[in-house]
Every structure is written in structure tokens, then in C-alpha cells.
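> Following the hints, put chain H in place on chain F, whose structure we already have.
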Amino acid sequence: MGKKVAKEVSIAIADAVAQCKVDVISAYPITPQTHIVEHLAELVNNGELDAEYMPVESEHAAMSACIGAAATGARTFTSTAAQGLLLMYENLFIASAFRLPIVMVIANRSISAPISIWNDHSDVMTMRDSGWIQTFAENGQEAVDLIYHAYKVAEKALLPVAVNIDGFTLSHVIEPIEFLDQKLVDKYVPPLRMKYKLDPKKPITMGAIGIPEIYTEAKKAQDEALKASYRIIVNAWKEFEKLTGRKYQPVETYKMEDAEIALIIMGSLAETAMNAVDLLRKKRKKVGLLRFRLWRPFPMKDFIRAIGKVKAIGVIDRAVSHGSTGGPVGIEVRSALYQSNKRPKIINFIAGLSGRDVTVEDFIEFFEKTYEAISKKPKFSYEIYGAKE
Amino acid sequence: MRAELKKFKGFNLKNLPEFEGFAPGHRACQGCGTVLPVKLALKALGPNTIAVSTTGCIEIISTPFPYTSWKIPWIHAAFENAASVASGIEAAIKVLKRKGKISKKQKINVVVFAGDGATFDIGLQFLSGALERGHDFIYICLDNEAYMNTGVQRSAATPYGAHTTTSPAGKVIKGQITWKKNLMGIVVAHNIPYAATASPAFPIDLMNKVKKASLVNGPGFIHVLSPCPTGWGCKSEDSILTAKLAVETRIFPLYEVIDGKYILNRKIDKPKPIEEYFKLQRRFRHLTPEQIEYIKKRVDEEYEKLVKLCECFGVES
Numbered sequence: 007m008g009k010k011v012a013k014e015v016s017i018a019i020a021d022a023v024a025q026c027k028v029d030v031i032s033a034y035p036i037t038p039q040t041h042i043v044e045h046l047a048e049l050v051n052n053g054e055l056d057a058e059y060m061p062v063e064s065e066h067a068a069m070s071a072c073i074g075a076a077a078t079g080a081r082t083f084t085s086t087a088a089q090g091l092l093l094m095y096e097n098l099f100i101a102s103a104f105r106l107p108i109v110m111v112i113a114n115r116s117i118s119a120p121i122s123i124w125n126d127h128s129d130v131m132t133m134r135d136s137g138w139i140q141t142f143a144e145n146g147q148e149a150v151d152l153i154y155h156a157y158k159v160a161e162k163a164l165l166p167v168a169v170n171i172d173g174f175t176l177s178h179v180i181e182p183i184e185f186l187d188q189k190l191v192d193k194y195v196p197p198l199r200m201k202y203k204l205d206p207k208k209p210i211t212m213g214a215i216g217i218p219e220i221y222t223e224a225k226k227a228q229d230e231a232l233k234a235s236y237r238i239i240v241n242a243w244k245e246f247e248k249l250t251g252r253k254y255q256p257v258e259t260y261k262m263e264d265a266e267i268a269l270i271i272m273g274s275l276a277e278t279a280m281n282a283v284d285l286l287r288k289k290r291k292k293v294g295l296l297r298f299r300l301w302r303p304f305p306m307k308d309f310i311r312a313i314g315k316v317k318a319i320g321v322i323d324r325a326v327s328h329g330s331t332g333g334p335v336g337i338e339v340r341s342a343l344y345q346s347n348k349r350p351k352i353i354n355f356i357a358g359l360s361g362r363d364v365t366v367e368d369f370i371e372f373f374e375k376t377y378e379a380i381s382k383k384p385k386f387s388y389e390i391y392g393a394k395e
Numbered sequence: 002m003r004a005e006l007k008k009f010k011g012f013n014l015k016n017l018p019e020f021e022g023f024a025p026g027h028r029a030c031q032g033c034g035t036v037l038p039v040k041l042a043l044k045a046l047g048p049n050t051i052a053v054s055t056t057g058c059i060e061i062i063s064t065p066f067p068y069t070s071w072k073i074p075w076i077h078a079a080f081e082n083a084a085s086v087a088s089g090i091e092a093a094i095k096v097l098k099r100k101g102k103i104s105k106k107q108k109i110n111v112v113v114f115a116g117d118g119a120t121f122d123i124g125l126q127f128l129s130g131a132l133e134r135g136h137d138f139i140y141i142c143l144d145n146e147a148y149m150n151t152g153v154q155r156s157a158a159t160p161y162g163a164h165t166t167t168s169p170a171g172k173v174i175k176g177q178i179t180w181k182k183n184l185m186g187i188v189v190a191h192n193i194p195y196a197a198t199a200s201p202a203f204p205i206d207l208m209n210k211v212k213k214a215s216l217v218n219g220p221g222f223i224h225v226l227s228p229c230p231t232g233w234g235c236k237s238e239d240s241i242l243t244a245k246l247a248v249e250t251r252i253f254p255l256y257e258v259i260d261g262k263y264i265l266n267r268k269i270d271k272p273k274p275i276e277e278y279f280k281l282q283r284r285f286r287h288l289t290p291e292q293i294e295y296i297k298k299r300v301d302e303e304y305e306k307l308v309k310l311c312e313c314f315g316v317e318s
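Going down the list, the sequences are from chains F and H.
Using my numbering, the first residue of the first sequence is number 7, and each one after it goes up by one.
Using my numbering, the first residue of the second sequence is number 2, and each one after it goes up by one.
Derived from the structure by calculation, the hints contain no laboratory data.
The reader is advised that the hints may include incorrect statements.
Said to hold, decoys possible - Simulated DEER-style distance windows between Cβ atoms: (1) Q126/H <-> K233/F: 35 to 41 Å; (2) A224/F <-> E5/H: 38 to 44 Å; (3) G329/F <-> P67/H: 38 to 44 Å.
Said to hold, decoys possible - The calculated EDC-like cross-link candidates involving lysine to aspartate or glutamate, where the alpha carbons are at most 16 Å apart (straight line), are: (4) K244/F <-> D308/F; (5) K106/H <-> D205/F; (6) K280/H <-> E238/H; (7) K95/H <-> D56/F; (8) K100/H <-> E54/F; (9) K100/H <-> D56/F.
Positions of the beta carbon are idealized from the N, C-alpha and C atoms, including for glycine.
Just chain F, same shape as in the assembly (with noise of 0.2 Å):
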């Protein structure tokens, strides 16, 4: 095992695509994901990291280029953000149809208009629904290991993956990193051998026209891989749990066991979070925390396991879903929760956007509100919270 490095997160992910010797990268800058691409291209042009460096014209060039790069059998890698990633939309949802382990970061931040830089999940949640498999990381270690796993994931699933950290709070914060060893991480990620590529020697068509005959069939199977996926991703977080000692689920629990009142949060903010709950914890309020820390496939049988016993359940949302009924991850739980026997009360809340700061205090609201939910029926189905009238 690896010593601990102080790095910054984007540095230190850079580093990890490397040690996965990655084939092929295409690079676009856009803020905040370029210190990613920057830390590639200089490990590229000295000579520490052996390949392809594609600096393209565009974020849609740059998801093509990993489309014939990882079509052709290389291991590709790319990163993004907000415009970026709505630049590059078409191609993420033939990414997936294509079934290619293509390895994408997100710094997660905020889309147009109003231009900004700063962080929150309006990006990603945009491609929600592209048939990607999508992990978030709370801190820098975990975007790290969520790397190895990304490759190792997608190239047993054969489908890409988003690695989504959030934009400037974790893309740009120096932090202690554990590395894995270079021959543990050759173990971990195995070459990629593809079975169906473009290889003159077995030539295959690829990106066929769906006639109204084939193309539900096509999409179910494509569903179905995604929904299979479940069980490689656990599977190599077990595998890398008794590599490193490092434990990774598809849903973090904090404080949950006895927990009446819940909150969930997706990215970094959850370590906020765990303050809020370890305050209330002390003046012995029952609070608990959950992360989804895989968002696609939905994992469904753990949420639902992982609630306990909650009687509410305040959803943070980072994103708007204009003109509908939540958050989409508050929509996705009461979604969840309607199959479901559970049935906790449900409050929304919409916080975080562009970067704006969510302190202890206001967790500590969402919870107060939150079990307020148990008694009283909430007057909105979601709150944009914290805005100024």
C-alpha cells in the first residue's frame, strides 16, 4: 500500500487514469475539470504516461474521438463540465448504446444561463437517463478509487462510466491521497480486451439504422446490461475493499441505525452533513445520513434497505427540475419509495446551486424541517432553499 500524498484532487485523479495506463485521451478545457487534462498532457509530453493525447476542437469531438478510440479497443479517457457536457449530449446516449467502457470525470457545475463556474449538479443530472453507469465521490480519495473502479467497472459491464466530483470544492482542494500501487492497480484493471471491435480482421458493422422492428428490443437489452452492471459494480468495490481495506457501497450510511429522521445528499457536501448530524446527535436527536454513491444503476434493493425505519426523509437536491414535482433525486426517491412497504414522509429541497454554501446551520434546518414532515404535512413539494425574496 501506498503512502498518503497531499495533492490536489485533480492532480491526484489525473494520476490514477494514468496508472490505468489509459490509450487514448481527448481533452477540451473548460473550467472546472482542465487541471485534469493539464496533469495528463504533462505526464504525456514527459513521457511518464504512454498515450494518445488528443487536445480536440470541441467537447462533442472530444466524446467522438472516445467513441472510435474505445470502438477500436483502447482505453479511453476524457473530462468535462456543465456546457461542456451538454456540448457532448448526443454522443453520451451512443457511448452506452455502443456498449464502450468509456471513462469520463464530471467536475460537477452548474449549466447556462446564468453563466457560472461554480458548483452543483445541474450538469450530470442532465444525463440522468443516457444509459451511463454514474458514481459521485465525497472527498479526494474517493474520486481517486472511484477511478480504478470506473475502469474496472466499465470494461466487465462494457459501458462508460461518469466519475462525478464536485466542481472547485473537490476538483481543487489539496488533500491527502493513498494511491494504490502500480502492481495492484495492473491486478485490479486488467488489460482491456474487447471481444467486438473495429478490427479488419473480424469486421463488424457498428451504429446500424434501428428499424421500428429492432430498436425496442435494442433498447431493452441496453437496459438490461445497465441494470446487470449493479452486480460488477458491487463486485469490484468487494474486490477493492480486500485490496486496499477500503470499503465502498452503492449507498453510505451514516448514523442510520437507530436514525428516525433522515437527510440524503449526493457528492461532497455529505461531509457537511456529517457534522450537522453529529451536532444533533449530541443534544440526542435520532438523525442519520445517506449518500448515493452510485446513482445509475439506481440502487434500488440498497435505498430501501438502507432507510431503516425512518419516519422522514429530507432529500437535498442539487439541481432544478423545471416545472416538475422535486429535485431529481427527490423524484427518483418518492419514485422508489411508492413500490416500496416503507412509505416515510418525503420533503425536498433544493440547495447548493452554483457553488452557493450549505453550512452545518443550514443541515441542521433541513433536519428541524424535516422532522417537522413526520407530523405536518409540508406546504411545498419542494423548497428552492435559501433564496432571497
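Relative to the frame of chain F, chain H by itself:
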């Protein structure tokens, strides 16, 4: 002359490769001027080739699942991004060869087949990016001068005066009001090693150009004028004749640009009357004498410009 091209003696009727990369039974219209160049290009390139298509006629007619006309590996991702997909393929081949995962001896051609909409319009940025980065690939633009697959809408490649469904010959405005975009000029401005125009009416010339584009280190670009009987309103059996007349009237001169040096392949000293070309096609039937006069003047001007460019370099035509 580029070193890579020195050894290539050219195809002729005696040494044509037997290889067919594009199977019959596809669903193209009769007399399709786009399918023929694909067949010829793959003959020139051989089986060690990976093809990328844009969305459009070629993709639709060749791959109605579970059928395929492609005997070589083929991929279609989206409408505009074939040049980037090809870039990724080329980069993958390069690094996988370096890492010993693809045999270094295996020369694999990467070829794009793209329509004019996908090249002149929606994919221009992607093409520019790929040319600028210098990927070793071949980009063949099969230009039938409109969005034919969606039902004949004008593109930046549609010639002045032509009727399409979005540049209709109306009572006031008679067809396309703009001149065809100078794509070759744009491509050549990227300083790539090889660019050429070609026509299905001159099949050996087309094959030679595709081969040369594959031999040079770096991007090779071929602009093919591909008659579309359905969209142009010409008879299926006149498709090749129409392509031939486009060359003989100076509307579509055949030339190469090797390392920036222009070479006129077919000097047209006595051009055929431009009306002969128009007469075969319903898309031009509404043209007024003034419009024809304007086209004639502009075609001659453009041709003279090209001749001067070729003379600049003193290369024998």
C-alpha cells in the same frame, strides 16, 4: 513529389484489385452517384480498412439491421462527428501499435464517407479539427449538393440557382441564392498533404486519388461530386453522364493539391455548353437566361482562377 507517392504507379484496367468492400443488395436508388465512389474507394483501399460514415443516405441504405453491405469494419456515430470518430480510431491504432496490441506491420486505412451536409455544414468544425491535428486518415466527401436523405433540402454545397425543397424555384426567388461554398479552399488552407476532387465518371482517376490520399502521411481529402437522380431530377441512366458533364463544362474541375501545389488533372480548353448539364436535371429547369449567364461567367472565372493556381506551380497537367 512526396516520397510516399513515388512508388505508386496508378491503377489501370489491367491491375484493378478484385476486392469488393461494399456488397450489392443495398437499398440505394438506381443510378446513385454516391454508392459507386464508395465501392471504388474500397477497391482502391483494400480490406485493411476501417470506414466511418456520417448519418445520411450511405448509412441508411447500407445498414438496415440485421443486414449490412460493409465487408470491412464500419462505424456510424452521429451526423456531424465522423472526422472526430475517425481521429479517435486513428489515435487508437497508433497507440495500440506502439504497445504491441496491433501488429506494427498491419497498415490500417481509416476512411470517412460523409455527405455534403455533414461536411460543408454541420461537420465543418469536426473536419477542420481533424485536419489541423494531422491525423493519418482519408476523408471522402460525397457531395450530392443537398440534404438528400431528408428529402432534398439545400446545403452550403447546393449550387446557385438549384431548386431544393428549402430553396424552391418560386415566383420571386428562383432556387438557391448563394454560390457553392469553396470547400476545397477551406481544406487546402489546413496545409494537409493531399486534397483532390474526383468524379464517379472518371473511376480510375477516383481510385488513384483515394489510394494517394491513403499513402500520404497525414490527412487526405477527396471531394467527389455525386449525382443524385432523385434529388437532381435526372434519369438514373444519365447519372454518370451528368457527372461527366459537370467536369466537361468546367463546373466541377478535376484537380489535386499535393503539399499546397495545385495540379489540374483535366484541362478543359473547349468546355461543353453549360446548358447541356442543366438540361439533364429538373432542379435547374426554371433557370432564366440571366441566371444561366451569371453562372456561366462565374464558372469560367473560378476555372481561370484554378488554372492560374496550377500555373503558379508550373506542374504539368
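> Give a verdict on every hint.
Structure-based check of all given hints:
1. Q126/H <-> K233/F: 35 to 41 Å: holds (37 Å)
2. A224/F <-> E5/H: 38 to 44 Å: holds (42 Å)
3. G329/F <-> P67/H: 38 to 44 Å: holds (41 Å)
4. K244/F <-> D308/F: Judged against 16 Å, a Cα distance of about 15 Å means the pair holds.
5. K106/H <-> D205/F: Within the cut-off at roughly 14 Å; holds.
6. K280/H <-> E238/H: holds (14 Å)
7. K95/H <-> D56/F: holds (11 Å)
8. K100/H <-> E54/F: Between K100/H and E54/F the Cα gap is close to 14 Å, so the pair holds against 16 Å.
9. K100/H <-> D56/F: Judged against 16 Å, a Cα distance of about 8 Å means the pair holds.
Figure legend: structure checked against the earlier numbered hints; every hint is met.
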